[in-house]
Structures are given as structure tokens and as C-alpha cells.
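Visitor: Listed in order, the protein sequences are those of chains A and B.
Quick note on numbering: the first sequence equals residues 1 to 290 in the working numbering.
Quick note on numbering: the second sequence equals residues 291 to 596 in the working numbering.
Since the hints were derived computationally from the structure, they do not count as laboratory data.
Result set (DSS-like, lysine-lysine): computed pairs, CA atoms no more than 30 Å apart in a straight line:
hint : chain 1 : residue 1 : chain 2 : residue 2
1    : A       : K278      : B       : K515
2    : B       : K399      : B       : K515
3    : A       : K8        : B       : K515
4    : A       : K16       : B       : K400
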Amino acid sequence: MSSFEGTKINPDKFHKSQIKFYLILIPLAIFMVMPIVYIFFHAFKPMDEIFAYPPRFFVKNPTLGNFKKLFSSMTESGIPVSRYLFNSILSTAITVIATIFISTLAGFALSKKKFKLKGLIFEINTLALMFVPIAVTIPRYFIIVKTGLNDNFLVHILPMLAMPIGIFLVKQFMDQIPDSLLEAAKIDGATDWDIFIKIILPMIKPVIATIAILSFQAAWNNVEPSNMYINNESLKNFAFYMSTLTSASNDIVGQGISAAASLIMFVPNLIIFIIMQKQVINTMAHSGIK
Amino acid sequence: MTKVSFKEKFKSLIDKEAGAYLFLSPYLILFFVFIVLPVIIAMFLSFTGFNAVERPNFIGLKNYITLLTQDGTFMQSVLPNTIKFSLIVGPVGYFLSFILAWMLAQIPKKSRTVLSLIIYSPSMTAGIAMTVVWTILFSGDATGYLNSMLLNMGFIHEPIQWLQSPEHLMNIMILVSLWSSMGVGFLAMLAGVLNINSEMYEAGYIDGITNRFQEIIHITIPSMKPQMLFGAVMSVVGTFQAGAIGVQLSGANPTPQNSGQLIVNHIEDFGFIRYEMGYAAAISVVLLILIWLSSKFIWKILGEND
Chain A
1 MSSFEGTKIN
11 PDKFHKSQIK
21 FYLILIPLAI
31 FMVMPIVYIF
41 FHAFKPMDEI
51 FAYPPRFFVK
61 NPTLGNFKKL
71 FSSMTESGIP
81 VSRYLFNSIL
91 STAITVIATI
101 FISTLAGFAL
111 SKKKFKLKGL
121 IFEINTLALM
131 FVPIAVTIPR
141 YFIIVKTGLN
151 DNFLVHILPM
161 LAMPIGIFLV
171 KQFMDQIPDS
181 LLEAAKIDGA
191 TDWDIFIKII
201 LPMIKPVIAT
211 IAILSFQAAW
221 NNVEPSNMYI
231 NNESLKNFAF
241 YMSTLTSASN
251 DIVGQGISAA
261 ASLIMFVPNL
271 IIFIIMQKQV
281 INTMAHSGIK
Chain B
291 MTKVSFKEKF
301 KSLIDKEAGA
311 YLFLSPYLIL
321 FFVFIVLPVI
331 IAMFLSFTGF
341 NAVERPNFIG
351 LKNYITLLTQ
361 DGTFMQSVLP
371 NTIKFSLIVG
381 PVGYFLSFIL
391 AWMLAQIPKK
401 SRTVLSLIIY
411 SPSMTAGIAM
421 TVVWTILFSG
431 DATGYLNSML
441 LNMGFIHEPI
451 QWLQSPEHLM
461 NIMILVSLWS
471 SMGVGFLAML
481 AGVLNINSEM
491 YEAGYIDGIT
501 NRFQEIIHIT
511 IPSMKPQMLF
521 GAVMSVVGTF
531 QAGAIGVQLS
541 GANPTPQNSG
551 QLIVNHIEDF
561 GFIRYEMGYA
571 AAISVVLLIL
581 IWLSSKFIWK
591 ILGEND
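Here chain A stands alone, though its shape is the one from the complex (with noise of 0.2 Å):
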């Protein structure tokens, strides 16, 4: 065992060993970092700054004024930002919790009971982990009209609910609650329902907490329902208006407010993800595909 000096691999502290890691880490992490402190910049740069030439990476005298024209202005047909804003918190939020609600129930079926087609289908599902929905956005397009979701509030929410990734991640964490405990509650006089909220849910807090980030990111981010499928401007989102906003960006007015949309977009994703980032490691441990 001479040459193990024990492993290296999640050390407790620093050791000059490590600073040959930290050389590449560093600097690969300043340029990741970059475009993303630049949007910082940019929005909080004044009107003078953002025309200079040569152009300057940091601002010198920060400003609230492109937020303010950002909120003060309407698109062409009348319509505030802040409702776009508002379309958006509203179908996030609810897409967050629904999708939290149907992945772990689904999870719980296909780890916890017992019926015959649940190898099958949770082999599909895996399957599905491979799916690109914007290869099929015409069949959906079509599925969408058939329904009625068309200029409905809901197309928002519900084809953003199936996610096969959540369901995926929710069985393979649950995979580890020994069957015993459950078994035990079961004597006890337990039905499903009362295992499912009593029992497994509080066990499964880093899935849920991953499953909320990811179906945040995706519905946040969603532009899709808004450029396809909805007409009534009233309806439309947040990313939508910021993907408007950045077609027309070429003139240099428009840079500072899309660099604040830019903002807006970026940092819930920013502070979700910090809160809950513990979890979501806890949550990937287990992600394996075996």
C-alpha cells in the first residue's frame, strides 16, 4: 500500500497538491462566467455607456433606467411587459408544482408497486429520456389545435408536464427506500395514499427540489406555446417578449432593455438553483442509468 497516500477524491481541505486542478478550473470558469457578468453590466449601464466606443466590459455609473424603460414600455398592441411578466410567474409556478405532483406519483407506481407492466414501461420511459420534442413540433402543433389548447392559457402547462427525465430521477432516488418501512406502515393500516403523503414524500425532498429546478428552467425558458401557438397577445410570456426584443437588438436603443430582460430571465434560474443545489447533487447520485 505504499504508493496510496489515501484517496484524493473529495478532500477535506486544501493541499498544494490540488493547486494544479485550480489552475485549469479558474480560468475555465472566469471565460464560462463572462457573457454572464457582461448581461450584469449591460443592464445597469446608462445610455452613453452602452453606445461607447471602444466598447467597456464594466459599467462606471449603474442605472435602473433600463428596467424602467423596460417596464414602461408596451408592444405594439398595447400590452404591458409586466403582464408577460405575470403570464410567466403563473404558468411556472403551477407548471412547477403539477410536475412535481405527477412525476412522484408516477415514481411511486413504478418503484414501490408491483403490476405487470411496469418494467415496460418505465423501459419507455427511458426510452423517452431521448426525446427532442422540437423534432416533432408539427404532430404536436396539430395535437394542440385538435384539443383546443390553441390561445388557451393552459398550452403554457400542460405539454410541459410529462417529463420523462422527473419520472426517471424519482424512481431511481426512491429505489433506495427499503420496502421494509413501507411494509411495516402497511400493517399498521396504512393505504397507499397515506404512505405516499406520510411517508414517501418527506424521505424525497432532494427529487423533488431537482424536479422543481429542471421544470422551472424548462416552462421559464418556454417560448414554444407563445411563437406557435398562441395569437392573443395577452396570453404570451416573458421569454417570448425578451426573444422579440432580441430579434429587433441589432439597433443599440434596444440593447440595454434586452440586456435587463436578459437579467430578468437569468436570475430566478440563478437563485433557484443556489437554494437548492445541495439536493439536486443528493438527487444525481442516484441518476444511473443501469
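Starting from the structure of chain A, add chain B where the hints point.
Guide: Same frame as chain A, but now just chain B:
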């Protein structure tokens, strides 16, 4: 039948298989309507000519034959672009995810948390929110960051139309996609490396492992194979899903001289711009098969290692 006995009967039914399906049903219904059904309809439409107004008429394999033999854009631009884009973004992104996860696992928790948050954060931006940065950074006039930097340093004499020029668009697409590719798969691999039992390493060194490279090959990768597979599937999906990026960056579909045209854009072009839905559906089916084959291929490579 009294009310109580009906209730009991119902309860016993729920206790058996029906209970499981009851729990599953909301998911299964949505899964069928929004995932399975679209795939089936795409397959059906791919054998028809359909312009979204008249009824689809069955034309057999004609769409596929046209796609493979007569669609010059597809064969000369879209397919090579897609292959180039996915062969670089997929494997490089995947390899980077693993190496970064492995390196992050070598440093203490506090700095690891901060650095992994930074590396993960681009994947949260999901395209649209960041388009504004790229359009400013790569802006075609002299005020664009890249242009003004290169002009100042004297590398170029006049601004380059980065996002509009066929030579540069693809490279920028690859760069931007790689930048945002450290997503869920990366997190899974990080968790995978951290979760390996330290006794595995001890045993490995007793068995004659002498350096860290051997350690990765013989212990780390085999021990976290499930996460490696999950990460691989995520990177395949992410790569093919990133298809919209070229259109977002250049602001046009088709992209300038089709230089950034990927399969996903080709589908949109035929489906929603030219209304040749049957033909677009055939391209969708080809894309789904491509994704499936790539995943199968990876499955095979990773599966044979043990």
C-alpha cells in the same frame, strides 16, 4: 349492496394493480398525448403529402426518397452541418463534463460548490436569454466586442460579419453550444465521482495501480458507469436539441448560405415556412432515428467496458 361493502370492494381493487395505474394515470395520459402520439403522427405523416389544408394523401416512401436523392440543401448542407456540429459538441461536451467533474471532485467542498455553480450556470440560460450577449459580442460592426478588440490589436483591418458570414457562423454555434453544455449530465457525473467508495481506490492501489490515469480508467469510470450513461444520453439529447442556435444567432431561417442549418431548422423551414408538412415529418423521423442510433452506439461503447 350496501354502501360500506362497495367502498371495501373499491378499496381492495385499489390495493391491487389498479392502485398502481391510478397513481400512474396522470403521467401516462400526458406522456401519451404529448410524447407518444406526436411520434406516431410524425411517422404517419412522413408517408403522406400534406400541406396542412387538404387531407394528407398517402405517397409511400416518396418523402424519404426525395430527402435522400433530391434535396440538395439537405445532403450538401444540413446533413454535413448536423454531423459536424454533433460530432464536435456531443463528444467534446461529454468529455469536458467528465474531466471537469473529476477535477472538481479533487478540491475541497467550498471551492467546489462555487466553481461547479459557475460552470453549470450557462446551461440555465437556455439559448434565448443569452442571444443578446452573443449578438453584441459578435456584432458585425466595429462596436462589436470581438471586432473592436481584433481591430485594436491590428489582427484585422475591417470588422467581420461574424454571425452573417458562412465561414464563422458554424464555429460560433459550436463554441456557444459547448459553453452551455455543462448541464444535468455534468451534475450527474460530479455526483457520480463523489459517490465512489474510497475503499475501491485502496483496493485498486493494492492491485497495482500506480498513477491517477490508471485510477480513472480502472476505478473511477467503471464505478460510475450508470452516471456516465446518463450523462451520455443527456449530451446526445442536448446536442440535437441545441439545433435552434444557428437561427437565433443569425436571426434568419434559412441561415446565411445554409452554413448553420441543422436538421431541426430544416424541419421548421419545410413545416412552418413552406407548409410541406409530410416532408417535414419525414425529416423529423430521420432525426429521431439519428438520436436513437447515437444513444444506442454510446450504450454499446460504455456497455462493453465491463
